[in-house]
Amino acid sequence: MAAESRAPPLHGGPDMAGGAEPGPELERVVEALELLLRRRQQPAGPGERDGEAGPGPEGALRPETLRSNSAALEERLRRAPGWAALRGLRDAVLARAPGLAAGAAGEADPGWAAACGLLALLLCLKERLTALAAAPAAPGAGPGAAPPPSADTLSVGQGRAVGRALRAAVGLGLVPYLPPGVGQRPGPPAPPPALPASRGARLRAATAALAELTEHPALGGPLLARHLGLLLAGLCLLGHGPAAHSEGVSEAERARCREALRHILDRVYQPLAVRELLVLQGRPKQSPPSPGEETKPALVRAPAWLRRLCGQLLSERLMRPNGVQAVVRGIMEGTGAGGTGAEAAAVDWRKCDTVAKILASCPQQCLSLEDYYRLVCPQILDLLHIQDKLTARQFQRVATTTLLTMAKEHPQLAEKHLLQPMLAPLLRCSETAELAVEDLSAGTVLVTEAELSSCVEDVLKVYVVGNDSSSLLLGSLQSVLGVVFSLYSFAKQNVSYLRSPCQEILLWFLEKSEREVSLAVLEGFAGLNSSVHTLHPRCRFCVGSEGGATIAVEEAISDEDEALYQKVSSEQCRVENLVELLSHCQKSGLAGDFFIRCLKALTQVAAEDEAALNSAVVPGGSLLELEQYHAEQRRKLLVLQLVATLCESVSDTVFTDVAQVEEFVAATLQRACVSPARGPGAAAEVQTLAMAMGLVAAMLGGAVQLQSSDFAVLKRLVPLLEELSRTYPEPLTQELAADLRIAICTHGAFSPGTVGAAADGVLGKKLGMGAQSPGGAPSPRGGRTPPRHGRSSPSAPRERSEEQSTCHEAGDAGPAPAPCTDSPALAGLQELLVSAYDPQPPSRAAALRHLSSLITQRDPEALRLQEKILQVFLENVQHEDAFVYLSAIQGVALLSSEYPEQILPVLLARYRAPAQGTEDTAAAITRMKLGEVLMRVTQALGDMAFKYREPLVQAFLQGARDPDSALRASSLSNLGELCQRLGFQLGSIVQEVTSCLTAIAKTDPKAEVRRAAVHVVVLLLRGLSEKATEVLQDVLRDLYRLLKHVVVAEPDGATVLHAQLALEELDTVMRRVLFPPQALEKKIVVLP
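All the letters of the sequence shown, read from the start, carry residue numbers 5 to 1092 under the numbering used here.
Since the hints were made in silico from the structure, they are not lab data. None of these values were measured; they are calculated from a predicted model. Among these hints, one or two may not hold up.
Stated by the list, open to error - Below, computed lysine to aspartate or glutamate pairings styled on DMTMM-like, alpha-carbon distance capped at 20 angstroms:
1) LYS951 with GLU905
2) LYS393 with GLU337
3) LYS640 with GLU629
4) LYS361 with GLU413
5) LYS591 with GLU520
6) LYS1048 with GLU1012
To be verified - The calculated label-pair distances, taken between Cβ atoms and stated as ranges, are:
7) VAL449 with TYR633: 30 to 40 angstroms
8) ARG916 with SER365: 37 to 47 angstroms
9) ALA648 with ALA1003: 44 to 54 angstroms
Where a beta carbon is used, it is the ideal one built from N, C-alpha and C, also for glycine.
Could you build all of it, start to finish, from the sequences and the hints given here?
Okay, here's the thing in structure tokens:
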């Protein structure tokens, strides 16, 4: 009876369940479980330690221990006082479960006997808990006291004992009877034991008992939370596995196993069920191991029947209500969702794309593809509305990728079940809506604020963030684009957070669509065509209570004057917002193309007005003809208003290439040919024509470096210039048109003086010096036309025109200012500038070095023409001869060190964006040369370089993302040298620098670029030395992880060497910081 003395009651006093002393049967059941799982207290033999045989008690308990514990329990049940009730309850339970009764009575297999004993005691515990729950509740506690727990509540100690018993029961009664590949966990595969012929019956008895335990929450909770996979594996094997694994199990019992399997799957937390089924299904055969898993023991592959069964069960989980979210959570929750690793899991786009492919594929159980889409698509749209910040990014990416995949595979079904429901709030208030808006009362809300905000955010996530420019998505978005633009205009007039997403949606569509479609949509926004469906005329936007907007039915305006005022003001606001939207499209050239299209429409309006003036036709008397006439007049007014607003608002960078300039000039010349300037607007027409022709003259004069392809574009103007030279009433304009035609046909080889004068007038106007007529003389102190550098030298008349325009003195604008006599210094400078374009490289380099010496000597004439000299140097930087471009680099560096405020912004702009019309390789080489210029300027500036630290670093970071690998490596090299020049004082931009270096070192495909990135890290650590822990304290851990990653995963040997050097440098720095050298010093203190 020593065992009885060592087994005191588990609980007593206030620890009892329900606050009162529990029934003896509950205490006895828990004590019996503890007795059966008790370890033997004996010293371990040599070379072994008790408890290391496995992860749980079933591994620590040896066969002799199990026999001894079973014998002790039987002895206590037979003879100990107070255990008779438990003995009777256990006998009743074993009578209902003959398989457990036979196992508990057998002594040949102590493991199975112990498992049967544990399961029998757990069933007894279930019976006792059920009885306690059905008993009358205990009287409540006094006022102010906490309510007592229910009578069937387990204490902490009891719950721990039950958990150990469940683990031992599963480990001894379930795991040994599962074949390899069915429910196995990671670990070295153990050889299968010699199982008896009745293993199917044993497995059936164990799974039946465990399934019965799941019915009670106190026992089913820990069982399903920790052992669901093994229980499902046993039920799958018995209900659906081969007959060889189900010996001794009848067909009725197999059917009950299948029913229990589906019952458990329906009861548990669905993401948990999905995850366990995926684990049972196992990895596909061709799937390579994930990074970091190569050294893990390989799992036995699941058999084919189990993989098929798990696939069917997963499909059933998917087809249930909220099944999509359950599948997504089941796959994604194990990757960090809901914890600190959620951000890293969101970046794992491969896993998100895999989930999206699963959702987009119709399972075999679904008979109709449309039925599957009808069931799943609303759940996919619900994934876009997840509010949990930790999981929202994952779910939104899965939803967006699934939607795009469905749109590619089945566009019609995707449009019907995904796109149209998502766009329904916008379609509901469109002018093509089939709602009987006229029958609704005024003030009726058609779209609530929450509904409209959710719709706009969903469109932003799917279209803009998804960034798939398929015809289906563009077409569906175009159907609501007019309503989005109306909402954008409303948000511009009010304070609303919808303005930014609406603007991003509009800009994305205009960028991704074909140019003609984008232009037609812009015309639809302006009201010139019906390519977009605008807001219904009876609908209006109202300010929402939370910063959004609602759409309601507007009351009809009975006052005609008020209605006209509302219409005119809305059109004016719409045009202004359209121009504001176009200001973000200048780099892509869309703003220039739309401006040209408006000018062409204006030319058509002028031609129609000219024809109407000549014919003097009065509109007909019929109502239809009168309505058409008013619509045409309205369109003309819109064109005039749009052109006027564009001319006031767009900047001088609206045209991005020569082709756009040619189209603009062609539209202006065509309008001049159709309707010559006369009447009150003649002055404006003359100025517009002068500006257009002067623009062509400036291009021919060298303001833009023209290629052969550019002259082919300009030749389209020749017929219009010829017609203008014959039909325009003003002689000076006729002469300039004829001269421009000659200059274009000769590719600038022959350029009359009128062309140079017109170019000077335009360039002078651009610099704010005044303007002139096309045939007049240049403006006072007009800017000089840069000499063309081509295969032919400038003509004599043009040189005289340039010299005159250079030396004009300041004075009042006159028709023809008198030229002054050139000074010898200016003449020599002009000769140097001409020699800088000499076809022979030695002469050109000598001229460049002479110009550099003039800058060094601070020559007054050279400093006065610094902009021109800078242009000469920059153009020669592009020369292929090393002697020439090195001389040009030296000149630019000298000029920049003298005037950094004026020169450095120009150099940085050219370094960031290559010149138009150049090939990618040539542009990259030129930008690398400009990088050398910037480094020389930084060296010359010395301490003054801190003033330009941020733009220089940003320029090199931008160059590090260029498609050309050589330019990326050069930018990183320049960045490292710049850090040395700045004394490694990067300030607030150190985060940007380290993020860029980390991304490049990990992901760049070129070894030389990764090598350069790691080299910059080495320079940072070596240059900062002991200050690294202060300057780089926020990013030092990231740099250390980067270097360790490079050492482990980098294939390039030189890059690994750089990383090892950096780690050694970092190790030295940290040793100095952590273990400073001990210095012995005397300290003398003067006492008062």
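Evaluation of the provided hints:
1. LYS951 with GLU905: holds, 10 angstroms
2. LYS393 with GLU337: Cα-Cα ~14 angstroms, so holds.
3. LYS640 with GLU629: holds, 17 angstroms
4. LYS361 with GLU413: holds, 11 angstroms
5. LYS591 with GLU520: Answer holds: LYS591 to GLU520 is near 17 angstroms, not above 20 angstroms.
6. LYS1048 with GLU1012: holds, 19 angstroms
7. VAL449 with TYR633: 30 to 40 angstroms: holds, 39 angstroms
8. ARG916 with SER365: 37 to 47 angstroms: holds, 45 angstroms
9. ALA648 with ALA1003: 44 to 54 angstroms: With Cβ atoms ~47 angstroms apart, the hint holds.
In this structure, none of the earlier numbered hints is contradicted; all agree with it.
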